[in-house]
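Q: Listed below, chain by chain, are the residues.
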Amino acid sequence: MAHEVTDPAPAAVSGHDAPAARRAIARRAARRSGAPGGRRSDAWRKRLEIALFVAPALALIALFVAWPVASAVRFSVYRWKGFGPLEDFVGFDNYVSVLTDDVFQGAVGHNFIIVFGSILLQLPLGLGIALLLNRDMWGRGLLRTIIFVPYVLAEVIAGVVWFQLLQPQYGMVDAIMSGIGLDPPAQGWLGTPDHALWVVLLVLTWKYLGLAVILFLAGLQGVPEELYESAQLDGASWWQVQRSITIPLLGPTIRTWCFLSMIGSLQLFDMVWILTGGGPANATTTMATFLVNQGTDRQNYGIAGAASVILFVISFAMAVAYQFFILRRDTMTERRTRKAAA
Amino acid sequence: MTRSRTKGYGGGNPLVYLIALIVVALTVGPVLYGALGGFRTNAQLAADPTGLPDPWVLDNYTGVLTNEAFWRYALNSTVIAVITTGVTVIFGVMAAYPLARYEFRGREALFMVFVLGLLFPAAVAIIPLFILITRDLSMANTWWGVALPQAAFALPMTVVILRPFLMALPKEIEEAAMIDGSSRIGVFWRILLPLCVPGLITVGVLAFIGSWNAYLLPLLLLQGEMRTLPLGVADYSTEYSADTAGVLAFTTIAMIPALVLFLALQKRIVSGLQGAVKG
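Sequence lines, in order, name chains H and D.
For the first sequence, the residue numbers in our numbering are 1 to 342.
For the second sequence, the residue numbers in our numbering are 1 to 279.
It is worth saying that the hints were derived from the structure and are not from the lab.
C-beta: ideal position from N, C-alpha, C; glycine also.
Errors might be hidden in some of the hints.
Listed below are several chain D residues computed to face chain H (Cβ distance under 8 Å; list not exhaustive) [unchecked claim]:
(1) F91
(2) M94
(3) L110
(4) I126
(5) L155
(6) N213
(7) Y215
(8) V247
(9) L259
(10) Q266
Covered stretches of chain D (chain H as the covering partner; in silico rule of three or more C-beta atoms under 8 Å from a C-beta of chain H) [stated by the list, open to error]:
(11) 45 to 54
(12) 112 to 122
(13) 232 to 244
Take these sequences, add in the hints, and give me the full structure.
A: Here it is as structure tokens:
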């Protein structure tokens, strides 16, 4: 995008001796503000400007992000039902009861199934579709648009449509299955504890596959065309080219996408709330639905606070671990290639 | 020599088109089912869930479009999204400007504050946020009460995207303008801001769609008349669960604004997401 904006560089200083021109400008600027004490008041003025520019954003983040997060930590060590002062200090009791709660343990397990399930399903599918769409074929632009549509829809809207599709017996999915002689579960796909989480995973795959495809396609555009041409001249098959050139070169894109997908799966709320509400029999509860349920319906603010902190710690630990073990490879290879180039 | 765009192994063979067709069918199938289902009656839907409308009925759609509540939800969604976008873009570019164009001690540390902000998902803060807005600020059930926190959560990403954008503008711009006697703020306002309009549109669209689709925060903060479209759709589908055709029509119409916005600004959205991934 940067190339769109570099053009209007003023003619006065562009050209071969830009540094000299810049020095001259600096001299003139210094002279202009050269009044006694001007330097110090300039420094103060600069500080004031910085503060004025950054303050609104920082204030908003402090009030609506930092303060609530700090409050969650504070609530987590009290037993508090939302009225009266915070005085019933219970130490780590809330953490103990959250961590020993079967429903929360289940929720953590569900989050991890969604984290790994999403990546295992969407990575091969997304790669396959991106490689397919990277060919010169009729209607390619339209295809790219269509595949991205589910991603743009609100999770709630997609969820309501899928809820209708998955209605037991009268829903389209069950009708099609009965039509080809299969037997859908009597309680419906979302009503059967053994199936519900997997169905949620499939709906999420439908919703988010488009993002993977679009990002992979963008990564593919960075693969230099000459590579394909020379590989073709050497007689490599399409599949060989993909496996030994395209996919390795997509590595950084894939790793970053995995990271985004993982963080999203850990925070999963909307789709579950619409499709199952966490049921049946807590078969699809996630950490986020657990803490919202504790905080709103039951007003167990201490428990909700402890669950929030645990959710954050898990997300943070996963993010750091991912950064350390996987994304680090990208910066290391970058450094290595830079050294090789030097 | 003419170079084809075929990336070497070009062209589609029938198998490629077949796979593409299956992918398209699975992707748009559910959306199309919703749109077509809205043109059927509940009796038709019950008799044959997979059939086409026969005859086509408009009642469900006219019912939604003449429903005052629908327009009320749409208005709330629009106002909240516009406030969120405005606050995010204005505060975001203001914060990104000194972080990109001023030299000062602690600049990278200040930028890290915004990067750290990326790590806090809304779900972690949601319950205290609910208490803060309903009790301490008395802003429950107001447009601003939803828009301001949404902007706060969108700001870190906005600053992270805009800073490299502003950094890429040549230094000479400011220097030349300052010889002419402009102040730094004047330079920002009259020269840099117009130059980074493409970046502002990208972050603006991301903020708008994020707000338009948001569910968790509005769910906790808005009731009755103040609900947004996602809340309206979800509540309608539980309140009138027997009226499948009506639910489908309501949902389909609620999809349209996001789809239109996406089709109109597709390039910006995609480049914004890609920028976020690269950055």
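Q: Are there three or more residues in the region 45 to 54 of chain D whose C-beta lies closer than 8 Å to some C-beta of chain H?
A: It holds, with 5 qualifying residues against the three required.
Q: Given Y215(D) as an interface hint, is the shortest Cβ-Cβ distance to chain H below 8 Å?
A: Result: holds, 5 Å to nearest chain H Cβ.
Q: Let's test the interface hint: is any C-beta of chain H closer than 8 Å to that of M94(D)?
A: 5 Å, holds
Q: Under 8 Å is the threshold here; is the Cβ of N213(D) close enough to any Cβ of chain H for the hint to stand?
A: 4 Å, holds
Q: Let's test the interface hint: is any C-beta of chain H closer than 8 Å to that of V247(D)?
A: 6 Å, holds
Q: Does F91(D) hold up as a contact with chain H if the rule is Cβ-Cβ below 8 Å?
A: Hint on F91(D): holds, closest Cβ of chain H at ~4 Å, below 8 Å.
Q: Could you check if I126(D) really has its C-beta closer than 8 Å to a C-beta on chain H?
A: 7 Å, holds
Q: Taking 8 Å as the C-beta cutoff, is the stated coverage of the region 112 to 122 of chain D by chain H satisfied by three or more residues?
A: holds (count 7)
Q: Using Cβ atoms only, decide whether L259(D) comes closer than 8 Å to chain H, and label the hint accordingly.
A: 7 Å, holds
Q: At a threshold of 8 Å, is the proposed contact between L110(D) and chain H supported by beta-carbon distances?
A: 7 Å, holds
Q: Classify the hint on L155(D) as holds or violated, based on whether any CB of chain H lies nearer than 8 Å to its CB.
A: 5 Å, holds
Q: Is the listed coverage of the region 232 to 244 of chain D by chain H valid when you require three or more residues with a beta carbon under 8 Å from a beta carbon of that chain?
A: holds (count 4)
Hint violations for this structure: none, all hints satisfied.
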